[in-house]
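Protein chains: 2
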Amino acid sequence: MRKVSIIGVGQTRYGNLKNETLRDLIAEAGCKAIKEANIKRKEIQAFYLGNYDAVSFIKQNHLAPYGAGAIGLKDIPCIHVEGACSSGALAIREGIIAIGAGLYDIVLVVGAEKMNSLSTEDVTEILAQAGDYETELLAGATFPSIFGMIARRHMYQYGTKREHLAAVAVKNHSNGAKNPDAHIQKKVTFETVMECDRMVADPLTVYDCSLISDGASAVVLCATELVSNFCKKTIEILSIGQASDSFSMHLKDDITTFDATVKAANQAYKIAGLKPSDIDVAEVHDCFTIAEIIAIEDLGFVKKGEGGESSFSGLTSLTGEIPVNPSGGLKSKGHPVGATGVGQIVEIVRQLRDEAGLRQIKGAEIGLAHNFGGSGATAIVTILRRAN
Amino acid sequence: MRKVSIIGVGQTRYGNLKNETLRDLIAEAGCKAIKEANIKRKEIQAFYLGNYDAVSFIKQNHLAPYGAGAIGLKDIPCIHVEGACSSGALAIREGIIAIGAGLYDIVLVVGAEKMNSLSTEDVTEILAQAGDYETELLAGATFPSIFGMIARRHMYQYGTKREHLAAVAVKNHSNGAKNPDAHIQKKVTFETVMECDRMVADPLTVYDCSLISDGASAVVLCATELVSNFCKKTIEILSIGQASDSFSMHLKDDITTFDATVKAANQAYKIAGLKPSDIDVAEVHDCFTIAEIIAIEDLGFVKKGEGGESSFSGLTSLTGEIPVNPSGGLKSKGHPVGATGVGQIVEIVRQLRDEAGLRQIKGAEIGLAHNFGGSGATAIVTILRRAN
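Chains as they are written, first to last, in the working numbering: chain A, 1 to 388; chain B, 1 to 388.
Hints are supplied without guarantee of correctness; some may be wrong.
Pairs involving identical chains hold if they fit within one copy or between any two copies, as the list cannot separate such chains.
Once the Cα atoms are required to be at most 20 Å apart in a straight line, the calculated SDA-like pairs of lysine to any residue come out as [claimed, not checked]:
#, residue 1, residue 2
1, 59, 145
2, 42, 246
3, 35, 267
4, 187, 313
5, 18, 75
6, 3, 365
7, 303, 43
8, 232, 262
9, 40, 246
10, 275, 315
11, 233, 387
12, 161, 15
13, 74, 254
14, 252, 75
15, 59, 124
Simulated from the structure, these hints should not be mistaken for lab results.
Bound conformation, chain A alone (with noise of 0.2 Å):
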């Protein structure tokens, strides 16, 4: 496959848009994308689209066209792709192989989502069809209440405390704290989290969960061979690696890992030619302080079983040996499901471009992202590096 680059991004805040739509938010993220890249419309020569549920969020399927169409393109194909909350990390996959075939010299891509159009109850059903509906959601077991067996599991098998899963909900609002684009920009301290009694699902509190939010994320792809006509500041894409594992829980040998982020992330270590110390900057998918910690436990930057402890001592922190979601992640950035993947990337690009303001990790050449869908069916794992 040929090499691909990103030589553009853009994203909307993440948050409780009410005065945006869909179509609204795909091309502000879309337009400031291609403005980035200073590229023309007719330039891009195909439009992937990652989105979870437009259709019970707001009524609209169908929702490649009615992207680009939002953003001026076109006449060119438009591809809306589904993988749960790894949607967005599925969408840029699919318009690298594009290019990769030599198929396309320059791809958008778009991840978004409208969540605050229901109630949380509705949401909370809605991103339960991403599980197992027959024997799970059947069953009243909705991601909150199995990522709370799962955090119970890693407790009772590792020695996991509360106070680990506190200490990432303190570091990722610090870090969204220095975000301007996340959902909420506030610290919290250990104190507050530790002492809060609104239970989700126990050890889980609200604490514990990323938001429900509106927004999108976009990066224009472009084959490595031809960047240097668009762009100076490029970030060439490693390798990018999909795996996937039991859709259902009941099928899982072991609850507190996940096979397809320890895939993913072997796939991607191996053709990038790197091993996990040899990153510098990640984002990782913490739908639950409880996904985060076993997060850096499958994609190897602590042994299995140490994550909890480690998160706690500070080695994930903006100064620490491997900072995690220095962005803020899905707990303070923000998870409108569909863009979380696309904007994954969009921090690791600004990271390694050294354009991350105030939460900017010192001299960070290789950065990856991490992505998954459901409790963990499907999983993604990219990583970028500047191009210098």
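Starting from the structure of chain A, add chain B where the hints point.
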């Protein structure tokens, strides 16, 4: 891009399949295709699923790993693509691109939809969400009414008559009567169609509308350079074109032609080095009878405006100059939305292999499939050839 061929196909019967879940349908079609290709599950390196809206029909999302699990596929990348009624062809196209890129050698593509879980009114609304919710559905414009307007305009502009529409229905029911997989395997007479007073949206009666079907279709794609390892009766994919048109009806210059079809067809003909008269058999997207008439014009089989008369004259019958919809089409074979584009390819493969039984087009060597979404915002045209 590397060349891609089809080494196996599989299909459920289409119909009102009360006893089968979506899982069952995907499993049946997928397993049949795997068996026909004579490969092992572990040889499949990626899984693409075309589905329009299982969320609304059966409350299930995150559909690619859901479907893969039903087939017994593990670990591999699973990708769900949605493109309204062209979701199936879109999934095939993404699979072709991934093999073309050299990323995989063997890919399974399944298209599936379970629609009969809901009432006709609900299904009509769900389908209408493939059009523009804000400017069309909110104003009451569902697809029957949109295609009713299109038919009226075609009649006004080109003198197309009610008899011409009826001839399409009669032909497709006659073909479907010869297809053991078809939803309705029953001939209808010209008089019955002409005398029908069950108006859906003037001038379209129930005989002008495609069916609400459950079903799944599957193809196994393989890099052409490797097909000799697997199968003797391979079908080459010569080209697959895709284009888009304005998402909203009010933005189209002319509603009697579908720009995306014309552009996708031109791409496909150009890449294949063929012209319309080289096609021996075609499956086209007859969601309504008028859509088939416009399709044969847009695909270049007849001159613009002559689609009605040509259909009436027998040009598109099984023994005509360009046989169209030998399977029975969406009208008689049925239209399980996400399956349709894959099912068209299954029919063309069977025709090119001389395995189409009573509806076989003698000596067919080159076939074309035309799948489109919504009111034409997405169109995909595929050209296939018998490998000798």
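Hints not upheld, ascending by number | Result: hints 3, 5, 7, 8 and 12 break, sorted rising.
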